[in-house]
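Going by the UniProt record's numbering, the first residue of the sequence shown is number 1, and it counts up by one from there.
Mixed in with the good hints, there may be bad ones.
[What the hints assert, rightly or not] With a cut-off of at most 20 Å between alpha-carbon atoms, the simulated SDA-like pairs for lysine to any residue come out as follows:
1. Lys113 x Asp22
2. Lys66 x Tyr182
3. Lys102 x Tyr182
4. Lys199 x Asp22
5. Lys66 x Thr148
6. Lys168 x Gln116
7. Lys102 x Leu19
8. Lys168 x Arg187
9. Lys199 x Leu86
10. Lys109 x Arg121
11. Lys109 x Pro195
12. Lys66 x Thr170
13. Lys66 x Tyr114
14. Lys108 x Ser95
15. Lys109 x Pro171
16. Lys66 x Leu19
17. Lys168 x Pro50
18. Lys168 x Tyr64
19. Lys199 x Thr170
20. Lys168 x Leu25
21. Lys66 x Ala196
22. Lys48 x Leu86
23. Lys138 x Val202
24. Lys168 x Pro195
25. Lys48 x Thr12
26. Lys199 x Ser23
27. Lys113 x Asp94
28. Lys66 x Gly99
29. Lys138 x Thr148
30. Lys102 x Glu117
31. Lys113 x Ser95
32. Lys113 x Ser42
33. Lys109 x Ser95
34. Lys66 x Leu86
Please keep in mind that the hints were generated in silico from the structure rather than gathered at the bench.
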Amino acid sequence: ADDIFKDNKQLTWHVSNLLGTDSQLNLTFQLGPPGGIKGHKSMRHVPKPPPYVWYVNGYLADLYLKRGITYTFIVEGGQNSSVPQLYNPLYLTDSIYGGYSKLSNSEKKHAVKYTQEESGRLCRWIEEEPFGELSADKYSSFVDFRETLRLECDESDEPGILIFTPSKDTPNILYYASYSNYQMGGRIQVVDEFPADLKYIVVEPYRYDAKRHQERMVLARESNGNKRNTVKILTSGILFILTFLFL
């Protein structure tokens, strides 16, 4: 199947870098589709991506975190353990594979956890019209692909909160991962100082609740506008009838 893209110069999307600067200490972890061949599969070198992967502040991203700084991870990967692919507690590890709960006792000896796992409500970026694994590959960038997705959150539940402060003893490379599913996450570079020449993006976490409130306000205004127009039409009709009767 990969052969249909052999003439495409861009076989993978660019991996965004998120820096844990003073303006970006909160990072939101939500679920989203892996994005065909150009997405998680090529970006993370995962032969068979899972149905969902971690989106951080709305991106497939690598993180750069600074030692001595405290970060707040807002976790929205689902907490209903009866649906395995939608149950994704977040944790940090030195294992690229994740899935700590599925490891054997001997495997766990070689996969160190650097935080406890934390679960929260389910937030998913959903494809409106999924056409299989390759549908995402017609987009030249992850951002273009994400523009076609719709974010849905369980409004009856709350996000989980995971606090992490890397120290001098924290390894230079960690991975953010799902406690219950393999290869969903990405890399964390732990640094003493941020690289001066690194290209990175600064984004605000996608606030689903604020977005829903805004949408409701727009709908309310539109509804009120329609009511006012209806009143105007009715009033105009009555005036026309009265004018006709008294002519």
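Comparing the hints with the structure gives:
Distance check on the hinted pair: Lys113 and Asp22 sit about 26 Å apart at the alpha-carbon level, beyond 20 Å; violated. Between Lys66 and Tyr182 the alpha-carbon distance is near 26 Å, which puts this suggested pair outside the 20 Å criterion. A C-alpha spacing of about 8 Å is found between Lys102 and Tyr182, which places the hinted pair at or below 20 Å, so the restraint holds. At most 20 Å may separate the alpha-carbon atoms for a hinted pair to count; Lys199 and Asp22 meet this at roughly 17 Å.
Taking the CA atoms of Lys66 and Thr148, the gap is about 33 Å. The hint is violated against a cut of 20 Å. Restraint check for Lys168 and Gln116: the C-alpha separation of about 19 Å stays at or below 20 Å, so the hint holds. Taken as a hint, the Lys102 and Leu19 pair is broken in the structure, with Cα atoms around 31 Å apart against an allowance of 20 Å. Under the criterion of a C-alpha separation no larger than 20 Å, the hint pairing Lys168 with Arg187 is consistent with the structure, at around 18 Å.
The straight-line distance between the Cα atoms of Lys199 and Leu86 is roughly 32 Å, outside the 20 Å bound, and the hint therefore fails. Taking the CA atoms of Lys109 and Arg121, the gap is about 30 Å. The hint is violated against a cut of 20 Å. At roughly 32 Å between alpha-carbon atoms, Lys109 and Pro195 are farther apart than 20 Å, so this suggested pair is violated. Restraint check for Lys66 and Thr170: the C-alpha separation of about 10 Å stays at or below 20 Å, so the hint holds.
Under the criterion of a C-alpha separation no larger than 20 Å, the hint pairing Lys66 with Tyr114 is consistent with the structure, at around 15 Å. At most 20 Å may separate the alpha-carbon atoms for a hinted pair to count; Lys108 and Ser95 meet this at roughly 10 Å. For the hint linking Lys109 to Pro171, the alpha-carbon distance of about 17 Å falls within 20 Å, and the restraint holds. A threshold of 20 Å between alpha carbons decides the hint, and for Lys66 with Leu19 the separation of about 9 Å falls inside it, so the pair holds.
For the proposed pair Lys168 and Pro50, the alpha carbon gap of about 33 Å is over 20 Å, so the pair is violated. The suggested pairing of Lys168 with Tyr64 holds, with an alpha-carbon distance near 15 Å, which does not exceed 20 Å. With a CA separation close to 24 Å, the supplied pair Lys199 and Thr170 exceeds the 20 Å bound. Distance check on the hinted pair: Lys168 and Leu25 sit about 19 Å apart at the alpha-carbon level, within 20 Å; holds.
The hinted pair formed by Lys66 and Ala196 meets the criterion: a straight-line CA distance of about 13 Å does not exceed 20 Å. As the CA atoms of Lys48 and Leu86 are separated by approximately 17 Å, the hinted pair is consistent with the 20 Å bound. For a cut-off of 20 Å, the pair hint linking Lys138 to Val202 is broken: about 26 Å separates their Cα positions. Restraint check for Lys168 and Pro195: the C-alpha separation of about 17 Å stays at or below 20 Å, so the hint holds.
Simply put, Lys48 and Thr12 have alpha-carbon atoms about 15 Å apart, close enough for the 20 Å limit, and the pair holds. Proposed proximity of Lys199 and Ser23 is supported: the alpha carbons are some 16 Å apart, at most 20 Å. In summary, the hint linking Lys113 to Asp94 is supported, as the alpha carbons are separated by about 7 Å, within the 20 Å threshold. For a cut-off of 20 Å, the pair hint linking Lys66 to Gly99 is broken: about 25 Å separates their Cα positions.
For the hint linking Lys138 to Thr148, the alpha-carbon distance of about 12 Å falls within 20 Å, and the restraint holds. At most 20 Å may separate the alpha-carbon atoms for a hinted pair to count; Lys102 and Glu117 meet this at roughly 14 Å. With a C-alpha separation of about 9 Å, the suggested pairing of Lys113 with Ser95 holds against the 20 Å cut-off. For the proposed pair Lys113 and Ser42, the alpha carbon gap of about 26 Å is over 20 Å, so the pair is violated.
A threshold of 20 Å between alpha carbons decides the hint, and for Lys109 with Ser95 the separation of about 11 Å falls inside it, so the pair holds. Straight-line distance between C-alpha atoms of Lys66 and Leu86 comes to about 30 Å, which puts the hinted pair past the 20 Å bound.
Comparing the model with each earlier hint shows violations of hints 1, 2, 5, 7, 9, 10, 11, 17, 19, 23, 28, 32, 34; every other hint is respected.
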